[in-house]
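Undergrad: In order, the protein sequence lines correspond to chains A and B.
Using my numbering, read the first sequence as starting at 1 and increasing by one per residue.
Using my numbering, read the second sequence as starting at 1 and increasing by one per residue.
Treat the hints as calculated values from the structure; they're not laboratory data.
None of these values were measured; they are calculated from a predicted model.
Please note that the accuracy of each hint is not assured.
[Stated by the list, open to error] Not close to chain A: a few residues of chain B, all C-beta gaps over 12 Å, as computed:
#1 Thr5
#2 Asp7
#3 Gln8
#4 Asp11
#5 Ala13
#6 Glu14
#7 Thr27
#8 Arg39
#9 Gln187
#10 Leu188
#11 Leu196
[To be verified] Per label pair, the in silico range of CB-to-CB distance:
#12 His3/B with Val68/A: 18 to 26 Å
#13 Ala36/B with Pro19/A: 14 to 22 Å
#14 Gly87/A with His3/B: 51 to 59 Å
#15 His24/B with Gln85/A: 42 to 50 Å
#16 Leu23/A with Thr27/B: 38 to 46 Å
#17 Ala71/B with Lys25/A: 25 to 33 Å
#18 Glu14/B with Gly87/A: 46 to 54 Å
#19 Arg28/A with Ala71/B: 40 to 48 Å
#20 Glu59/A with His24/B: 25 to 33 Å
#21 Glu49/B with Ser18/A: 15 to 23 Å
#22 Gly65/A with Thr27/B: 32 to 40 Å
Even glycine gets a Cβ: it sits at the ideal position worked out from N, Cα and C.
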Amino acid sequence: MVTEELEERQHVDTRSDSPADRLLKDERAARVRVAIGQLPRKQRATLILRMYHEMSHQEIADVLGSSVGAVKANFFHALANLKRQLGDQVF
Amino acid sequence: MAHLTADQLIDIAEGAELPSSASHLQTCDTCRDQLAALRATMSVVAGIEVPEPSPLFWDHLSARVRDAVEADHPSPSSMPGGHRSVARAKLWSGAWAWIGAHPVWLPALGVLVAAVSLVMTMRQPSIVPAPAPSVAAIPESSNDLSAVADDPSLSLVADLAVDLDWESAREAGFTIHVGVDDDAVNQLTDDERRELRRLLQGELSRARRGA
């Protein structure tokens, strides 16, 4: 399964990566960052707070002044937009 | 057949177990693909390193928090005129620090302070020119304000001048001209100059100690 393959790749010891692998990884990370930066503001905020600050849906709703349902919808659309923007580049 | 909602898909992608949705996922390719795409994207996003913000970020963050708290509970410095007081205090402390670092300018500053003080004193609109010694007796102690207040000649002048505004005084010939401060310093006696110098030096050294 694609997800499992990706998850396994995240846990590979990067110290054994070749310079070319590291370069590709850095490039991929840069593309993801650019794509996140192009998301609509609320989607971007929701994604960042959820993924990188590990805030709960309720906490994000409080911060953004919206409902838990709206937070989940924003998160869903943020991920869908990211997938569309990145296409096959990183998947 | 109703597909899973965004809420449900997110909950499942994040690990929640929804028995009611599990049976749907077993039969719906569309929802299963969507769920797989969500999980894959989350994995990619979680896999990239997020750089630590610069120390400036935290400075700005704490400043923003302080501003927000300030907005809720205004301190005296945020009251009308408060910022001016704070700014004035900062200006003075900065000035004294500069003076402390550049003592060579002290004599020049002393002369400047004397000149400005005299000009400020002479420009006070409410001050009426003192009568000549022949009209009003000068009190023995210039620091004794009660003696000045009790002086009948000065009271008479004060009563006559009570309705006099600055414009009228100027029209009547009471003018301040350029160089009046120099004239005032030149008119001081030697004792008065010594006393002025002593006072200024005392103030400057007190300010230096404070800085």
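Undergrad: Tell me, which hint numbers fail for this structure?
TA: 1, 2, 3, 4, 5, 6, 8, 13, 14, 15, 17 and 18
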